[in-house]
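**Student:** One-letter residues, chain by chain:
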Amino acid sequence: MHNSRESGTVIAIVDDDPSVREGLQTLIRSAGWRAEAFCSAQDFLARRCADAPSCLILDLQLPGLSGLDLQKRMAEGNLDIPIVFLTGHGDIPASVRAMKAGAIEFLTKPVEEEDLLRAIQEAIERDRRKRQKHAEIHDLQSRYETLTAREREVMQQVISGLLNKQVAGELNITEFTVKIHRGHVMRKMRADSLADLVRMAEGLGIRSNKR
Amino acid sequence: MDTKDITERQRVEEALYLNELQVHALLRLNEMAEQPMQMITDFALEKAIELTRSKSGYLAFLNADETLLTMHSWPKEQCAEGPAPRTDPVPEAARWAEAVRQRQPVIANQDAPRASLEKGAPEDVELVRQMDVPVFEGERIVAVAGVGNKGKPYDENDVRQLMVLMLGMWRLVQRKQEDDRLRATAEALRRSETYLAEAQRLTHTGSWADDGTVRPVYWSEEHYRIFGLDPQQGVPTRDQPLERIHPDDRDKVLRAFDRVIHQKVDSETEYRIVLPDGTLKYAQSIGHPVLNANGDLVEIVGTTVDITERRRTEEALRRSEAYLTESQRLTQTGSWAGDGTMQTAYWSEELYRMYGFDPQQGLPSHDETMERIHPEDRGKVYQAFEKITLQKVDAETEYRIVLPDGTLKYAHGIGHPVLDANGDLVEIVGTTVDITARKRAEEERARLYQLEADLAHINRVSMMGELTASIAHEVNQPLSGVVSNGSACLRWLAGDEPNLEEGREAARRIVRDGKRAAEIIARIRALTKRAAAHREQLDLNETIREVLPLVGDEAKKRGVVIRACFAEEVLPVVGDRVQLQQVVLNLVMNGLEAMSTITDRARELVITSRNADQDQVEVAIEDSGIGLDPDESAKIFEAFYTTKPTGMGMGLSICRSILLAHGGRLWATANDSPGTTFHFSLPKATEEPNA
Chain A
1 MHNSRESGTV IAIVDDDPSV REGLQTLIRS AGWRAEAFCS AQDFLARRCA DAPSCLILDL
61 QLPGLSGLDL QKRMAEGNLD IPIVFLTGHG DIPASVRAMK AGAIEFLTKP VEEEDLLRAI
121 QEAIERDRRK RQKHAEIHDL QSRYETLTAR EREVMQQVIS GLLNKQVAGE LNITEFTVKI
181 HRGHVMRKMR ADSLADLVRM AEGLGIRSNK R
Chain B
1 MDTKDITERQ RVEEALYLNE LQVHALLRLN EMAEQPMQMI TDFALEKAIE LTRSKSGYLA
61 FLNADETLLT MHSWPKEQCA EGPAPRTDPV PEAARWAEAV RQRQPVIANQ DAPRASLEKG
121 APEDVELVRQ MDVPVFEGER IVAVAGVGNK GKPYDENDVR QLMVLMLGMW RLVQRKQEDD
181 RLRATAEALR RSETYLAEAQ RLTHTGSWAD DGTVRPVYWS EEHYRIFGLD PQQGVPTRDQ
241 PLERIHPDDR DKVLRAFDRV IHQKVDSETE YRIVLPDGTL KYAQSIGHPV LNANGDLVEI
301 VGTTVDITER RRTEEALRRS EAYLTESQRL TQTGSWAGDG TMQTAYWSEE LYRMYGFDPQ
361 QGLPSHDETM ERIHPEDRGK VYQAFEKITL QKVDAETEYR IVLPDGTLKY AHGIGHPVLD
421 ANGDLVEIVG TTVDITARKR AEEERARLYQ LEADLAHINR VSMMGELTAS IAHEVNQPLS
481 GVVSNGSACL RWLAGDEPNL EEGREAARRI VRDGKRAAEI IARIRALTKR AAAHREQLDL
541 NETIREVLPL VGDEAKKRGV VIRACFAEEV LPVVGDRVQL QQVVLNLVMN GLEAMSTITD
601 RARELVITSR NADQDQVEVA IEDSGIGLDP DESAKIFEAF YTTKPTGMGM GLSICRSILL
661 AHGGRLWATA NDSPGTTFHF SLPKATEEPN A
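Note that the protein sequences, when read in sequence, are chains A and B. Going by the working numbering, 167 is the number at position 167 of the first sequence; the sequence numbering is gapless. Going by the working numbering, 270 is the number at position 270 of the second sequence; the sequence numbering is gapless.
Hints are not guaranteed to be accurate.
[Stated by the list, open to error] Straight-line alpha carbon distances no greater than 25 Å define the calculated SDA-like cross-link-like pairs of lysine to any residue that follow:
| hint | chain 1 | residue 1 | chain 2 | residue 2 |
| --- | --- | --- | --- | --- |
| 1 | B | Lys-557 | A | Ile-92 |
| 2 | A | Lys-72 | B | Thr-597 |
| 3 | B | Lys-557 | A | Leu-65 |
| 4 | A | Lys-72 | B | Gln-104 |
| 5 | A | Lys-100 | B | Lys-439 |
| 6 | A | Lys-72 | B | His-374 |
| 7 | B | Lys-409 | B | Leu-455 |
| 8 | B | Lys-409 | B | Gly-465 |
| 9 | B | Lys-515 | A | Glu-113 |
| 10 | B | Lys-557 | A | Cys-39 |
| 11 | B | Lys-281 | B | Gln-233 |
| 12 | B | Lys-557 | A | Pro-93 |
[Stated by the list, open to error] Coverage of chain B stretches by chain A, computed from C-beta distances (three or more under 8 Å per stretch; other residues unrestricted):
| hint | region |
| --- | --- |
| 13 | 38-45 |
| 14 | 164-170 |
| 15 | 349-359 |
Rather than coming from a laboratory, the hints here were simulated on the basis of the structure. Computed from a predicted structure; not experimentally measured. Here a beta-carbon is modelled for each residue, glycine too, at the ideal position from N, C-alpha and C.
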């Protein structure tokens, strides 16, 4: 079963209790993932690890910096790791806050194996999608970087829904020149259609100049 | 002158001569009163031979019933010396006893010489003529004297001569015997008087006689001594002894005399004697009337005993008895004595009081006593008695006394067997102590102790209640580990190629975590159990460490970091683990509470342990909370004092009781930085506690 997992996937655990920590570590390893365990939020933040974990299993009650505090810190530091919260007692206000802040799941100890693995799986999935999206954007960006300044101006006008003639008017160039630039944009960006280009622009965070 | 005349004249002259000789002999005899008996009889015999012109003779005495003749004197020059004077029975004796048998003088004037008179003595003398005369004392023959071998035949004259001489001799002998008897009697009397005087001196008893008019006629030496009078001055006058009697007692003494004189009965009186030097004596006199045949008083005889010493002894005895009674009253101790049959012979006053009996009514009977012993305890008392009487050893027992009015008393009795030299039981002596007050105090103390223990228990239970969430969390943690490891284990073992190594490792962790959960539960159970104090040797670090997990989650929830800074090795202490853990929990909870409103600084609770000195371990629990104001710090250890809205105010008071009971101390100090530190110290264990 564990063979089916991606062996490179790392799951982080932060819990101050050794029994809990080691139990989770064992269970996660038996499910075929790699597990890294930390006994405090500070330790986790100070980790020196090249590969970001795909999931963080986080104890709500931690000495010093609490689980919710760490979640907040990570959001502030653009550290986007899907979090599965664990708590000793069903603390509803805390769970609501955690979920609102984007947690995958809020589980009560002792956790059901299935619940935990499903939550981890979901976290990994979300992480994978996130990573894929990141890769796509990265690709778009590198393509976008091949555009000349004029081509970027043309692209912006085009995705704003302006006709070539209108673009020419806006940019004070000929309609023909607009057509040439537009052809280059479509080719460099590997866009099949205008709609495709608009989606790419969205992914790149380029805003239309519609008012 | 014819021959007849001459003969006649010669005869008269001879008679005159012999009479003169006899008178002379009798005078000499009379002068011999002081001489020994033998010398007297020898002299009488010598003169008898001479007066009867005999050549030989003897003198023998007869015993009182005239059956035995004993030779007393005989001419030593004529006889061989015998070993002792011969004694012959009268009926069998030879001729010399004939005078006794015939009870008259016997003369034998045969001229033919005979061999010594048969068995008669003196044996060696050849007798040709013989004369024997009995000596009479009234009707009784007391002696026989005999002479023999006169030149001429013996005649009446010789008989007379011999009888007169022997009578003279016998009178003298009698007088001498009388004298000896008198002397012996006088000696005996003198001796017995000495003994009496000595006895009187030793017993301080004087004797006296009175003529019946209160006039002394005789005083013994001791009597003089008692009254301090001089025997040399003679019998005192009527007034002399009276003057020496204490003025207050004189009437009493005279009244006693009156009774003897007029009622003619014995009379006894005690009075005081005051000597001129002021010495005070106590005397006791008894007077006895001596009456004649008509019943008239002849005299009074009596004794006087100096009872001064006895009085002093009695007084001392009375005093010591009074002290004993007093001390028995003060200590509520009664004493008693009795024989092996539980029959009492003596009860002290206090014992009467204890049992509610009246000493005036005399000793209570066995049944009366038993009736006042609680029915349930009677068996115990009998058993104790049996042990003393049968095993002859001390026995003690506690029992209850129930008075008729229902008053209940607790008594502790001890009995001791008194044995004689053979080891036989002579009597039983014992004491009984009224331990009612002690018993009540014990009960009260036990009640208070129980109350304290109950409070402590309530405190622990309520603390556990406060910590329920924290404890649940604390148990949940290892359970969580168990579940995770269990799931993992199943996973490792599933599939075609089970990973046994990993599975075993997971199982091992399951066991470890399960034990951890069990330990926490055991600790909680110990803390909530109502158990009697159990002393054991403890390592304080370990004792504290055991309970910290129980407050761990509570501290986390309150955002408090608990830090333990324990000395590497602390001295062992002796105590009750649960109670000391209760103290730690109380102090930690107080610390957490004190920091609940703190936002401007770290919420930190530091627990330190150290060896304060050679024999003290000190634990400090320091918080960074709101601190105590000086007014409060004085009151915080009082019962029911609390600053918490929901507190009972018993925590610190209980902590302090626990520490005091352990010989330790609890106190609080203000920190230099904000917050308070609670300290407690415990003495080092001196020896292994016997569990």
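**Student:** Does Thr-597 of chain B sit within 25 Å of Lys-72 of chain A, going by the straight-line distance between their CA atoms?
**Tutor:** 24 Å, holds
**Student:** Is the straight-line distance between the alpha-carbon of Lys-409 of chain B and that of Gly-465 of chain B 25 Å or less?
**Tutor:** 45 Å, violated
**Student:** Is the straight-line distance between the alpha-carbon of Lys-72 of chain A and that of Gln-104 of chain B 25 Å or less?
**Tutor:** 174 Å, violated
**Student:** Against the 25 Å threshold, does the CA-CA distance of Lys-100 of chain A and Lys-439 of chain B hold or violate the hint?
**Tutor:** Status violated; Cα separation ~71 Å.
**Student:** Run the distance test for Lys-557 of chain B versus Leu-65 of chain A: straight-line Cα separation, threshold 25 Å.
**Tutor:** Measuring from Cα to Cα gives roughly 12 Å; hence the hint holds.
**Student:** Hey, Lys-515 of chain B versus Glu-113 of chain A, does the alpha-carbon distance stay inside 25 Å?
**Tutor:** Distance of about 22 Å is within 25 Å: holds.
**Student:** Could you grab the alpha-carbon distance between Lys-72 of chain A and His-374 of chain B and see if it respects the 25 Å cut-off?
**Tutor:** Roughly 81 Å between the alpha carbons, so the hint for Lys-72 of chain A and His-374 of chain B is violated.
**Student:** Would the pair Lys-557 of chain B and Cys-39 of chain A pass a check requiring their Cα atoms to be no farther apart than 25 Å?
**Tutor:** 17 Å, holds
**Student:** Holds or violated: are the alpha carbons of Lys-409 of chain B and Leu-455 of chain B at most 25 Å from each other?
**Tutor:** 31 Å, violated
**Student:** With a cut-off of 25 Å on the C-alpha distance, tell me whether Lys-557 of chain B and Ile-92 of chain A pass.
**Tutor:** 15 Å, holds
**Student:** In terms of beta carbon proximity below 8 Å, does the region 349-359 of chain B have 3 or more residues touching chain A?
**Tutor:** Contact hint for the region 349-359 of chain B vs chain A: violated, 0 residues under 8 Å.
**Student:** Under the criterion that the straight-line Cα-Cα distance not exceed 25 Å, is the pair Lys-281 of chain B, Gln-233 of chain B satisfied?
**Tutor:** OK: Lys-281 of chain B and Gln-233 of chain B at ~22 Å, within 25 Å.
Violated hints for the displayed structure, listed by number in ascending order: 4, 5, 6, 7, 8, 13, 14, 15.
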